[in-house]
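There are 2 protein chains.
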Amino acid sequence: MKKIAIIGFGVVGRGCADLLSDNAEQIKKLTGDSVGIAHILDLRDFPGTPYEALVTHDFADIENDAEVGTVIETMGGSHPAYEYTMRALRAGKNVVTSNKEVVANFGDEFLREAEKAGVCYRFEAAVGGGIPVISPMISMLGQNKIREVRGILNGTTNFILTEMFTYGTSFDAALSDAQARGYAERDPSADILGLDAARKLVILTALATGKLFPVEKIHTEGITAIRAEDVKAAAKIGCSIKLLGRCTVGEDGEVSALVAPFLLPEELPLAGTRGVYNAVEVVGEPIGNVMFYGRGAGAGATASAVIGDLAQILCSGRHSAFPIFEKTSSGLADFANFSSQTYLVLDRKYSAFAEKAFPRAAFLESENECVLLTERMTEEAIDRTLAALGAEAISRIRMLG
Amino acid sequence: MKKIAIIGFGVVGRGCADLLSDNAEQIKKLTGDSVGIAHILDLRDFPGTPYEALVTHDFADIENDAEVGTVIETMGGSHPAYEYTMRALRAGKNVVTSNKEVVANFGDEFLREAEKAGVCYRFEAAVGGGIPVISPMISMLGQNKIREVRGILNGTTNFILTEMFTYGTSFDAALSDAQARGYAERDPSADILGLDAARKLVILTALATGKLFPVEKIHTEGITAIRAEDVKAAAKIGCSIKLLGRCTVGEDGEVSALVAPFLLPEELPLAGTRGVYNAVEVVGEPIGNVMFYGRGAGAGATASAVIGDLAQILCSGRHSAFPIFEKTSSGLADFANFSSQTYLVLDRKYSAFAEKAFPRAAFLESENECVLLTERMTEEAIDRTLAALGAEAISRIRMLG
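Chains B and R, in that order, are what the protein sequence lines are.
Number 18 in this note's numbering belongs to position 18 of the first sequence; there are no gaps in the numbering.
Number 282 in this note's numbering belongs to position 282 of the second sequence; there are no gaps in the numbering.
Chain B on its own, in the form it takes in the complex (with noise of 0.2 Å):
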């Protein structure tokens, strides 16, 4: 028998305990062996559950249990989840996360250290939920030049929008339905702002180029500005939006990485991304575009991901083609070159000044405001043009393509 630990019993952590036990014959067939849970890790005790007995408060019991050779890490955060998974790998444990945060923040180091005792860190969990995104990646990175990634990274906010898209809500009345129905947590912010999809789009980043970039030097914006009006505006011209987190690869290697909403036109394949399901894209030369598509989070959907990457590992051991990311802010490019069409509205006042200002643009038509679609520009032009108007748009949302 494979022994493990799961260290955090929280909905994921439950949810692998319980599919290594409802899939077990399978797991067993494809392994070789079966896998049973050592140790978990929580601060609760789970009294009158069947994992009462594996319960402990003190991470040493997993680190000195030389039986345990993989160690799952669902705890979420990044501390004390980062000193765990350091001191796992060193005492030559495998570890398996879905903990976007800590991979964001110190895969690098944790690839590292890894490599260094001869196990393996995965985290196909931690982008994607279930979606196997890690796995196909590592499959077309050797041979192909990955151009752009681009994804719907964060559920939530792609059930507000969607459900502003469907019912024409606003953003508040949205967020409250995504609340009861447990979509969205009492505390929203870190999906509502974006820090979420940023995350999961540095690690995303990280696969393509091999840097991991500080989260917070990502450009990042949220959901919580987009009106109903944007949303109607956008329908108007066949386009829905979404937050997407999207990097960029320039021919000399530049990395330009940005987590926004923006404007998709309906017959791009991400726009068919609805409610709480997640969807990656990636352009490579010569593959083209592909897409990967399906629930980016939920107990089952995640433990299949966490599980898989056991499986793997015990299944193949090592992949030698598994890239090892380096920490660095250098080669990520100033987001006032960034250039887009981009959808901006303007209190009416502006409306004959801003047919001068932007002479290329579409004006669409709109009873209350001005209301525009700019031909490609740098976000520095578009500020320069504003600043020149004396001019604040009231809602400024790039389009994709």
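A couple of the hints might just be wrong.
Since the list gives no way to pick one copy over another, a pair counts as held whenever it fits inside one copy or between any two copies.
Distance condition first, Cα-Cα at most 30 Å in a straight line; then the derived DSS-like pairs of lysine-lysine [to be verified]:
#1 Lys145 <-> Lys29
#2 Lys28 <-> Lys2
#3 Lys232 <-> Lys116
#4 Lys349 <-> Lys145
#5 Lys2 <-> Lys116
#6 Lys2 <-> Lys145
#7 Lys28 <-> Lys327
#8 Lys145 <-> Lys116
#9 Lys3 <-> Lys145
#10 Lys145 <-> Lys217
#11 Lys217 <-> Lys29
#12 Lys116 <-> Lys327
#13 Lys217 <-> Lys327
#14 Lys3 <-> Lys232
#15 Lys349 <-> Lys3
#16 Lys327 <-> Lys29
#17 Lys327 <-> Lys145
#18 Lys145 <-> Lys28
#19 Lys116 <-> Lys217
Calculated directly from the structure, the hints in this document are not laboratory data.
Position chain R relative to chain B; hints supplied.
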């Protein structure tokens, strides 16, 4: 240097050679060594190209070259691809292929022979062109119960159906357009009759279940009978028509598999697959629905999948989780028991009778015909009801979901 041979130097074989040279630096970085082409087997000589010196017309030159570790088979067709593949495996060489016909017909023998010889047989490019489908399916197999695999597996037919949907054209006109653009071959029968999709479905079904069913046992319908009127009627009820390959696995392990046109409600993720793109959706427990989308054909995309397999082999060698297929016809459900809602078109003289014969059907408005959507019924029950009416269906298309 790792030496390889390419057998069959058509569009895909040449695409592989181009990719190995275009992205040589990356591939070397990933695999730790450069990859060189030692032999190219083809009937032609390619005089005046850089490949001229590598050409052989005798497979024995490859078989007997102990330095060749991997053979890339991009010949297509069953013979002599079968014989060369067996000889290569027996000579201790890995084989990577893009040839769905030979995998669908003989994949079981190749995987067993590879196992015996301690080498790899890989075929990511045989399904979905460049899209990583097989690699992410492998990463889901161990820990999920796969319930269904369904996909848009043929770009030619999807292009034709997309044209019919977008422009209201007839099948014949759309086929001519596809031929003019090079998306359909001069003899398009393997595509439009569903055989190409059936081969890919057989491979996907084998991945999900371990059972390699004979292609001729799969109920296969093409798209030649689909009329512009059917596409319009489908659009009126919010559906597009797509040629799907679909297998479902029952609780008892019985497999239902078919290739046929389906009505797809526009909100389903597969419905967004337009033109020559392909997509494969897998439904598993607990992962839910996941979908993989991208270019299903073309030299660059297909070469990406072939060279991806090669890179994986060079990096990691054998993957113990890769399933071995068993060739069998047992466990395949009787098609008469397949059940779905079905779109039926009858001569309008049957209208009054049809309302009695299909009391729970929805009747759609039509000037000239009797058009209905049945409740969920088995094929057998529909056959029986039509026979009792004395009617033959003018159109009969199942609905997904």
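Quick rundown of the hints versus the structure:
no. : hint              : in the structure
1   : Lys145 <-> Lys29  : between (37 Å within a copy, 13 Å between copies)
2   : Lys28 <-> Lys2    : within (10 Å within a copy, 35 Å between copies)
3   : Lys232 <-> Lys116 : neither (54 Å within a copy, 62 Å between copies)
4   : Lys349 <-> Lys145 : neither (47 Å within a copy, 61 Å between copies)
5   : Lys2 <-> Lys116   : both (22 Å within a copy, 27 Å between copies)
6   : Lys2 <-> Lys145   : between (38 Å within a copy, 21 Å between copies)
7   : Lys28 <-> Lys327  : between (38 Å within a copy, 23 Å between copies)
8   : Lys145 <-> Lys116 : within (28 Å within a copy, 36 Å between copies)
9   : Lys3 <-> Lys145   : between (39 Å within a copy, 23 Å between copies)
10  : Lys145 <-> Lys217 : within (24 Å within a copy, 41 Å between copies)
11  : Lys217 <-> Lys29  : between (45 Å within a copy, 28 Å between copies)
12  : Lys116 <-> Lys327 : within (17 Å within a copy, 44 Å between copies)
13  : Lys217 <-> Lys327 : within (12 Å within a copy, 54 Å between copies)
14  : Lys3 <-> Lys232   : neither (54 Å within a copy, 58 Å between copies)
15  : Lys349 <-> Lys3   : neither (69 Å within a copy, 70 Å between copies)
16  : Lys327 <-> Lys29  : between (39 Å within a copy, 19 Å between copies)
17  : Lys327 <-> Lys145 : within (21 Å within a copy, 38 Å between copies)
18  : Lys145 <-> Lys28  : between (37 Å within a copy, 13 Å between copies)
19  : Lys116 <-> Lys217 : within (29 Å within a copy, 52 Å between copies)
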